[in-house]
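Produce the entire structure from the sequences given, and follow the hints as far as they go.
For the record, the sequence lines run as chains A and B. Going by our numbering, the first residue of the first sequence is number 1, and it counts up by one from there. Going by our numbering, the first residue of the second sequence is number 1, and it counts up by one from there.
These are computed hints drawn from the structure, not numbers from a lab. One should not assume that every hint holds.
What the hints assert, rightly or not - Pairs of lysine-lysine, DSSO-like flavour, derived with a Cα cap of 30 angstroms:
1) 190(A) x 128(B)
2) 327(A) x 92(B)
3) 342(B) x 159(B)
4) 190(A) x 327(A)
5) 114(B) x 180(A)
6) 92(B) x 190(A)
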Amino acid sequence: MFTFVPRDKVSKNWVIVGPLVSIFFTIFFGLLIFTFLGYDPLETLYQVFMSPFSRIDRISDIFVKACPLIIIGCGLMLCFRANIWNIGAEGQFIMGALLAGSFALLFPDVETKFLLLIMLVIGFIGGALWAFIPAILKTKLNVNEILVSLMLVYVAMLFIDFIVRGPLRDPMSFGFPLTKPYPEGALINKIPFPGIGFLGQLHYGILIILLLIPLSWIFINKTLGGFKITVLGSAPKASKFAGFKENSITTTVLLLSGGLAGVAGVVEVSANMGQLQPEVSFGYGFTAIIVAFLGRLNPVGIFFAGITIATVKLGADNAQMAMGIPKVVTGLFEGILLFFLLTGETLQKYQIKWNKVK
Amino acid sequence: MIKFCMRIFSLFALSASVFMLLVSSSFASGHGGTTKVGFVYLTTPGDHGWTYAHELGKQMVEKRFGKDVKISVVENVPEGPDATRVIRELAKQGNEIIFTTSFGYMEPTLKVAKEFPNIKFEHITGYKRSKNLATGNIRFYEGRYIQGVVAGLMTKTNKIGYIGAYPIAEVIMGINAFAQGLRSVNKDATISVIWANTWYDPVKEADAAKVHIAEGADILAQHTDSPAMLQIAEKKGALGFGQSTDMSAFAPKAQLFASVNNWGPYYIKKIEQLRNKKWSTGDGPDHWAGNVWGGLDADMLTISKFQNMPGDVAKKAQKAVNDVKTGKVNIFAGPLVDNTGKEIIPAGKTLDDGALWGMNYYLKGVNGKIPG
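If you want it as C-alpha cells, here you go:
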C-alpha cells in the first residue's frame, strides 16, 4: 500500500510548524468531540490544558505527577536509542520500590535521611536486577527482550502483592494488605516555602529530575558510552565494524533503565505513600514509554513530554470536578493529542510513498 | 499557516483568560444556601457493583436536596498519590463535605483532613479517624446471613460455593454469617471457599464459579464485585446471590436476591447534619468499623426482591430479615464453635463488634482453612 521513506532534509520551518499543526488538529477534533457530546468545548479545553497552571500549587502537582515519568523516561531513552525494547519499566519500578521498602522497614526507628540515600541505591539495584533478567536472556540466548521484560511486569506485580499481604503485612492493619509505615528516615519530605508553606505535594524528589536531565544529556551527547549506544541503535553494522561490544551495550542500557525505574519507585513511595501497598505504580512504567518517544529520546524533550502528559492527566481530573466530564472522554482527548503529536513527528522525518498495488 | 495558527491560539488564550475570570468570580460570590459536596470514586460507576452503589447513593442525594447541593464527582481515582491530590483539590474548591468511597483512600483522606480542619471528610470502610474525618460502613454480613438461610433451604446437594476476595476480617465475617444462616435451617450443608484474590475480575470470578459447580455446589455466593459468577450460574442451572447492587438483569433465572448497599440515607443524613451545623463524626462508638456501622435496620443494607424460589422459602427469608432487623436474632450468638471444634464463645454470650473485626477463624459449616 504505502511505505515511509526518510526525508533527505528535515525542513527547519516544519520543526516549528509541525507541532503547531498537531496541536491545532488536536484542538479541532477535541472541540468537535466535546461539542458533539454536549460539553462546553472551550471550557473543557481550558480545564484540560490551562487549569493545571491556574494556581501555583496546581503547577507543583504537575511536577509531582511528572517526576516518576521523567525519571523512568530518561532510562528508557537509553534503551530505545540502542534499539533495545525495554517494555517492563513498570515491573522494574515495583521491584525497586519493594526492595528499598523492605530494607527501610528493617529499621523502624531510624530518623536520619542517610537511610533514604541507601534506599535509592538499593532501589536502583532492585530495578537493575529485574532488568538484568531480559538482558542476560537476550545476550546469551537471544530471547526477545520485549516479551521477557513485559511479562516480568506481571511477576513483579504479583510478587509485591504477595509480600504485602504476607511477610510484610502490618499486624495492626486489621488484615488489610499494607506494610507498617516507613520510618522517618525513609520518607522524602515536602519542600517548605517560606511564607507559603507547602505547595501541594511538592517534595525533594523533584531534585533528582534536575540532576538527571543534565547528566543524561551529557552522557548521551558528550561521552563515548552515549555515542556507542546511539550508534548501535541507528547503525548496528557500523557499530560492529567499530568494534563496539553489542552485548555489553545491551546489558548496560537495560541495567541503567531498570535502575532508574527502580529509583523512580523509591521516590514515588517514599514521597507520596510512606508505606508499601499492593499497588505502588499506576502505569507509570508504561506511560513513560510514551513520554520517552514524545520527548524524541532526548532528556530535555522528555522533561517537557513528562510535563505535558502530567498536565493533561491533572486537567482530566479538573474537568471531572468542574464539569462532570467522565474520564473516558478526557482519555479520548489525550489519545487524540498523542496521536497527532506522534504523527506530526513521524511525518517530519518521513514522507509517505504510495506503492501501486500489485 | 503560522498566522492562522497564531490567530487560533490568541482566540484560545483569550477565551481561557475569560474563563479564568468567570471561575474566580464564581468563587468569590459564595454559595448562599447551597452545600458543596465532593465524591471520590474508585472506578467508573458502570451499571453494577461497589461504585455503582455509591453512584445510586449520590443520585439519592441529588433527588433529596435538588439545587441545595452542588456535587462534584471524580471517578477512576487510583488509591495512591492521585487520591491525595484529588481530595485536596476538592477541598480547595470549597466542597464542605467530601466522601471518599474506597478503603484505599484511608491515608490520603487522613492526610488532607489534617490540612483542612474546617472541612468534613467521610471515609467509607476505613478505620483511621480524626475530629473532621468520620468513617462509615455497612453491616454487609447481615445480608450474608439471609443468603445463608435461603441457601440452606434451596440447596439439594448441600454444597455451597463461596467466592471470597481476600482473607481479611470483613470477608471472613461475611462467610461466618453465611454459615450461621445456613446452619440455622440446614445442619447438613457446608460451604467451600475459593479465594479470588481480587475485588473485581470477571474472568477469575467466572473460573471460581465453574470450579464450584463442577465440585457439586448448586448455590453460589460471592464477596467479589462482578456479575460473572451469576452469569455462570445462569448458564449452568445453578443459583446465587447478587453483590452490592441488584444483578438480576445479568442473571434473571439465577439470582435469588441481592444484598444491596444503600449509601443514600447515610449520605443524606450526614449532609443534613452539616447543613444544620450539627455534623459530628457519627453516632456509634469509636470502634473499628466506623463511627456509623449500619445494617438492615438502618436501611443501609437492603434486600432486593426474592426471586426464583418457592413462596414458603421467600416467607422464611423475609422472616429472617425481620428478625435481624428487630434484633430478635443475633447472628453471632453463642454457643459458637469454629470448624476445628474449638469453642469461641459459650451459650448466652454474643460476639461484640470488636470481636467481629478480629475474626481469623471459620465457624462450623465452613470447610477448609483460612490461607496465610
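Going down the list of hints, with the structure as the test:
As the CA atoms of residue 190(A) and residue 128(B) are separated by approximately 22 angstroms, the hinted pair is consistent with the 30 angstroms bound. Under the criterion of a C-alpha separation no larger than 30 angstroms, the hint pairing residue 327(A) with residue 92(B) is consistent with the structure, at around 21 angstroms. Taking the CA atoms of residue 342(B) and residue 159(B), the gap is near 23 angstroms; set against the 30 angstroms cutoff, the hint holds. Taking the CA atoms of residue 190(A) and residue 327(A), the gap is about 29 angstroms. The hint holds against a cut of 30 angstroms.
With a C-alpha separation of about 20 angstroms, the suggested pairing of residue 114(B) with residue 180(A) holds against the 30 angstroms cut-off. Note on residue 92(B) and residue 190(A): the hinted pairing holds, with a Cα-Cα distance of about 18 angstroms set against a maximum of 30 angstroms.
When each numbered hint is compared with the structure, no violation occurs for any of them.
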